[in-house]
Each structure stands twice: as structure tokens, then as C-alpha cells.
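J.: Sequence:
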Amino acid sequence: MSMQSPRRPLALVIHGGAGVIDMATLGETAAQRIHADLDHALDVGYGVLAAGGGALDAVEAAVCALEDAPSFNAGRGAVFTADGRHELDASIMDGQHRRAGAVAGVSSVRNPVRLARRVLEDSPHVFLIGAGAEQFADLHADIERVPNEWFSTEARRLQLLEAQREEQQTWQASQDLRGRYFGTVGAVALDSRGHLAAATSTGGMTNKRWGRVGDSPLIGAGTWADARCAVSCSGWGEYYIRNAVAHDIACRVAYRGDRLRHAAEDVVLGEVPAHGGDGGVIALDRDGNVVVAFSTRGMYRGWIRPDGSRGTAIQRDD
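Numbering follows our numbering, with no gaps: position 123 of the sequence shown is 123.
What the hints contain is simulated information worked out from the structure, not anything from laboratory work. Watch out, some of these pointers could steer you wrong.
Said to hold, decoys possible - Quick list of the computed label-pair ranges, beta carbon to beta carbon:
| hint | residue 1 | residue 2 | range |
| --- | --- | --- | --- |
| 1 | H125 | D318 | 38 to 46 angstroms |
| 2 | R261 | W210 | 32 to 40 angstroms |
| 3 | E149 | G211 | 17 to 25 angstroms |
| 4 | E167 | A274 | 21 to 29 angstroms |
| 5 | P306 | E154 | 34 to 42 angstroms |
| 6 | E28 | A274 | 31 to 39 angstroms |
Where a beta carbon is used, it is the ideal one built from N, C-alpha and C, also for glycine.
Sequences are here, hints too, so could you generate the full structure?
T.: The following block contains the structure:
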């Protein structure tokens, strides 16, 4: 009689951005909608894992659900650029083989994370931008296209107007961005074969100009996955790039033997604030240990642990 190998743990963690979240301003109705959107993304991503699917498929599915939820700054609900448009970025990484795909500055792709997955699988490249990424999308009939206005919401338009009013009053007002953004969505997953994956997607920063790109589509800055851990970041992107946050966390686990929680907290609560930035991170290791760390007042987040327990949260004390 053949012996079946023991079932490996499954786990999924998602986020919808870190920042200063004022519950009084957010309101109960919006908070309930955010919890529901996070729960839906968990159901979608975990459904892939529970059916025996891979971590890469799970993070893509979860992030697509978050991109389609107007509550978050990714896909529909993305913030506006200074010229009143939307420029979207995303990345995805397979920890088993270190394959990765990323896109930046796309304007007509409904789910940028799906296009990033196509870059990973169907191109010899890792990172495509702007018009070139759009041309690559033209080659794939399954990549849904939408007019740029499809991403717009009235709440984001009001944020743009407020940011531009502040900018007119004083240039300095727009320079300290700590906690004043909700910059990404993301997911990390562990599948039944013990493989890890990570994905991140964003609309960027309100009122951004000059083709600004943050950490979310940059492998090693906003997204990382290897055989030991998977990481997706949310925060002030310039500081996550300068500190190679996602890769630094993974390196501390790989080379110094740090526990994942210690590595994430040392970087996100130590290195990033020490250099002037802030934000958060979600991470998973190959044993299914879930880590959520953030230096901001709140972070939209959800998780399903290997024991099946799950939850969603907004503020630090949730």
C-alpha cells in the first residue's frame, strides 16, 4: 500500500495599501465595503490554492480581484496623474524558478497583473513599459482592454483636486508624503507543493508627473519571491526603491538566518523610517508563517493561515 505524502500547508496574505486611515473620515459604509472586497479577494485566491492550483495563479487571481475593486488604488479606482489620466504598474514573481514579469505606465489594460504574468510567461523579458507594454498586450487576446476613463472614480478625482490645491499653495506641501497615499494592492501565497509567489499592482501616486514609477513594478523593491519567502510592499515608493525593501527582507532570511518577522520589521520599521519613508509589507515563508508589518497608522489587509483561520483588518489595532 502506497503512503500518501502529508498535505503541505496553504496560506494567502493580501493588502490594499498602507497609510493614514482616519476611520471617522472613511465611514462605516466604506469600511464595510473594504472588508467585503478583501474577503472576496481572499476567497478568489484561496480557492485556487484549495483546488490544488499554484501560488502564482493564486496571487494573480487575488490581485485581479483587488484591481477590480474601486476601494483600492489599482486598476479601477487608480489615482489620477497630474494631467488627469491613469498610469498603472504591476509585477509578479514565481519563487520556485525566480521568474518574474512587470509592466509600468500602461493605460488601457483592465488588469495590469495579468499583463505582468504574460510578460513572465510569453516574453524573454522581465519589465515592459508604456507604449511597448501596450503593444505587447495587443498580441494577447485574453488581456482585456478598457478606455482610460474606466479606471476613474469621483473619490480619486477629488483627491487630485485637493493635491493640486496644496501644490499651488506651497511646493513643500507636496514633498512630505508620509502616510498620505494608499499606493498598492498585493498578494503572497504558499501552495500545496510548498512553492511561493508574490504580486503587486498600483495606480501610483496622486498628481504624479514625468512618467513617475514607484516600487510596485520593480522586482526586489516592491515585489520578491524565492524558495524561502514571498514579499509584497506598500508605501512611499521612492524609499522602497532606495532600500530594495522586498529583496532586503529576503536576504536577511537567506543569508543571516533571520526569522521572517524579524527581517520584515527591521526593514519596514527600521531602515525605511530611518531614511525618511514609511509604509508596510506582507510576507510569507515556506512554513506558512504570516507576517504583516507597517509603520503607518493603518493598512488594508487580509489573511488565511495554514490552520484555516482568516481575517481582514484596516487599523493597527484591528
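J.: Are the hints correct? Go through all of them and say.
T.: Hints and how they fare:
Range check, H125 to D318: Cβ separation about 40 angstroms, and the 38 to 46 angstroms hint holds. Between R261 and W210 the C-beta distance comes to about 37 angstroms, which sits within the given range of 32 to 40 angstroms. Checked against the given bound of 17 to 25 angstroms, the beta carbons of E149 and G211, roughly 20 angstroms apart, stay inside it. Checking the proposed 21 to 29 angstroms range against E167 and A274 shows it holds: the Cβ atoms sit about 28 angstroms from each other.
Remark: the range hint 34 to 42 angstroms for P306 to E154 is upheld by a beta-carbon distance near 41 angstroms. Distance hint check: the CB atoms of E28 and A274 are about 36 angstroms apart, consistent with the given range 31 to 39 angstroms.
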